[in-house]
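Take the sequences, apply the hints, and build the full model.
First to last, the sequence lines map onto chains S and W. For the first sequence, the residue numbers in UniProt numbering are 1 to 178. For the second sequence, the residue numbers in UniProt numbering are 1 to 519.
To be clear, the hints were calculated from the coordinates, so they are not data collected in a lab. We treat Cβ as the ideally placed atom computed from N, Cα and C, and that holds for glycine. Among the hints, a few may not be true.
[To be verified] Anything over 10 angstroms on all C-beta distances counts as not near chain S; from chain W, calculated: (1) Q26; (2) L38; (3) P69; (4) D70; (5) G78; (6) E86; (7) D93; (8) P98; (9) A157; (10) Q166; (11) A258; (12) S291; (13) A407; (14) V457; (15) D468; (16) F506.
[Unchecked claim] As a list, the in silico BS3-like pairs of lysine-lysine whose alpha-carbon atoms are at most 30 angstroms apart: (17) S:K162 x W:K349; (18) W:K233 x S:K162; (19) W:K147 x W:K408; (20) W:K349 x W:K364; (21) W:K408 x W:K364; (22) W:K285 x W:K299; (23) W:K326 x W:K132; (24) W:K233 x S:K169; (25) W:K445 x W:K299.
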Amino acid sequence: MHMSERADPKTTDTTLPNAGDWNTDTIREEVAALQHEPGALLPILHAIQDRIGYVPEAAIPIIADMLQQTRADIHGVISFYHHFRTRPTGSNVLEVCRAEACQARGGRAFERHVQERLGVGYHDTTADNEFTLEPVYCLGNCACGPSIRVNNDIIGRMTPQKFDQLADKLTTSVLQLK
Amino acid sequence: MTTTIYVPCDTTALSLGADRVAQELQLAAAAQSRDIRLVRNGSRGLFWLEPLVEVETPHGRVAYGPVEPDQIEALVAGGLLDGNAEHPLYLGDIAQHPYLKQQQRLTFARIGITDPICIDDYIAHGGFAGLKQAAVMTPQEIVDEVKTSGLRGRGGAAFPAGIKWQTVLDEPQNQQKYIVCNADEGDSGTFADRLVMECDPYMLIEGMTVAGLAVGATQGFIYVRSEYLLSQKLLDEAIRRAEAQGYLGDNVCGTGRAFRLDVRLGAGAYICGEETSLLESLEGKRGLVRSKPPLPAIKGLFGQPTVVNNVLSLAAVPYILAHGGKAYADYGMGRSLGTLPIQLAGNIKQGGLIELAFGVTLRKILDDFGAGTFTGRPMKAVQVGGPLMAYMPEDQWDTPMDYEAFAKLGAGIGHGGVVVFDDTVDMAEQARFAMEFCAVESCGKCTPCRIGSVRGVEVIDRIRAGDDRDNNLVLLEELCETMVDGSLCAMGGMTPFPVQSVMKYFPEDLMASPRPVEA
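Here it is, written out as structure tokens:
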């Protein structure tokens, strides 16, 4: 279950929200700022993803070179951790908790509703590029489930109705008349 | 006159609209030309009452909850700023609430009362007393105090903390040693680590600094899961302030000894809660589990002697140093000494944090504290201790919360999470999920875990579909045994526990056809 399998390149290529926001110097800057910390790779990857929204494939050889590690090492770490992604997301990242405490509060039915409403499965981005849907295994809000995270905000006691309102609020795209 | 108002800022309160409550309060107070001082305190841990607003009155703090943002205007008009007792949401002095009054909060004594990052608040409520005590003790005396307390690792393994510290202390002193805090709280149904970090972060800093003085470590790392961004933010700020006041840095509390602390973020991998995987991750690698021995206490982070303790273990240390190990050991039963922060979650009416001496029965937690299920339906199963622990049927709920008593049943206390399910739960679905979760989160190093979990999902699917059920049940039992006996760590080694508990206590669900999920 890794992020790199997520998006169809054809759709993402045309919708890169931050495509112009980085270049190789951006990557070098982030690596240089942290490379002398012990065990620097995770902090470096976080810094890059926080700045750009994902870790571009093109960053891998730069990081490898500067840390004197192999590209395989860097790729291996990126692909191991669910949090790191190598492609851009939609405008909003939506994480739905799939773990037991949320299951006990109707989480499974809620998950299904979210997928049906958005028309995508996990690790997918909606066609209008508004939402990227990810599973998460516990947000630590276990007495008030089902819980989701929308970008950096955790919301508890979700219901299908609450979700629909939220999705409407976050959907900014204008309807296209064909 | 300025009125002080408290609106919690922990993740649960925020998830229920606490920020908007705070904004509306400021607007409503301004509309009435009332001067207010808004304090963003931690949560008291009574989550069904969040957002819980407290008002300072001449007779002490009084609480209202749960407060919805759109109720604020009417509440303020109705005299909330003067502590009006007539309102239906009025709760009075929350400390007198039976849910809190019945608890024995040693570790969580301050949460919800103080402003989490206000260092003066921390000190005014007994903070740093343990560190000041440790500063005038020898390392061996500190370790002895922790041994006396009987403190066992609260992460789940329940290994005696004092013994672990002694091992690191006994390693030669002329080398770098580390204190690593495991804040990768990944078990569903647990949030006590989060409450420490979000509501009382100095307590963790203090506990780690004491550990540093005890074993001769000069550097600590707090490995926080990436889902806990608020914890990271508050810890970073608390560390900065503690350094500025000399509680961290080159000269801890005037001892002439150094201790520095850094927060590191995980990246969404449950396995990194396993201590050796966590160390690999801290070193910047894939979180693959290491074989033991060598123990991390001897060869841990970067190959150096390392104390790896859970947040709750380290958070218990300030009390132990301030009041003595004996005072802590006076709580509890048998070999389970001190208090256990129980996290009541899932389908429960009154979920939250319940800190009590070991020995309380599960039923008391479910009935007296929890007050039944959220849905109002009968309870069917309770999973205590996280996704790798057994589902317990009702006839086991009179078991006292004690490591050994739970182990005798093939269950475990783990990190103290209690997840309640009502009678609509399909236990076969829960068994399947245990295997599925392991397949998603396995580090992949050993075969029983990596492959066994995938095969586990398939076998359970066949059983549920009625496909050669008898033989597949035998196969599932054998698969579980292989995983338990052959896995490198607890991930593969314990994933079968919930599955086996379903086979043993809820076989009828396993034999029934899968139920459609109702949307």
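Consistency of the hints with the structure:
no. : hint            : result
1   : Q26             : 20 angstroms, holds
2   : L38             : 20 angstroms, holds
3   : P69             : 13 angstroms, holds
4   : D70             : 14 angstroms, holds
5   : G78             : 25 angstroms, holds
6   : E86             : 27 angstroms, holds
7   : D93             : 22 angstroms, holds
8   : P98             : 17 angstroms, holds
9   : A157            : 19 angstroms, holds
10  : Q166            : 26 angstroms, holds
11  : A258            : 16 angstroms, holds
12  : S291            : 18 angstroms, holds
13  : A407            : 21 angstroms, holds
14  : V457            : 13 angstroms, holds
15  : D468            : 27 angstroms, holds
16  : F506            : 15 angstroms, holds
17  : S:K162 x W:K349 : 20 angstroms, holds
18  : W:K233 x S:K162 : 28 angstroms, holds
19  : W:K147 x W:K408 : 25 angstroms, holds
20  : W:K349 x W:K364 : 14 angstroms, holds
21  : W:K408 x W:K364 : 20 angstroms, holds
22  : W:K285 x W:K299 : 17 angstroms, holds
23  : W:K326 x W:K132 : 18 angstroms, holds
24  : W:K233 x S:K169 : 28 angstroms, holds
25  : W:K445 x W:K299 : 20 angstroms, holds
The earlier numbered hints are all upheld by this structure, with none contradicted.
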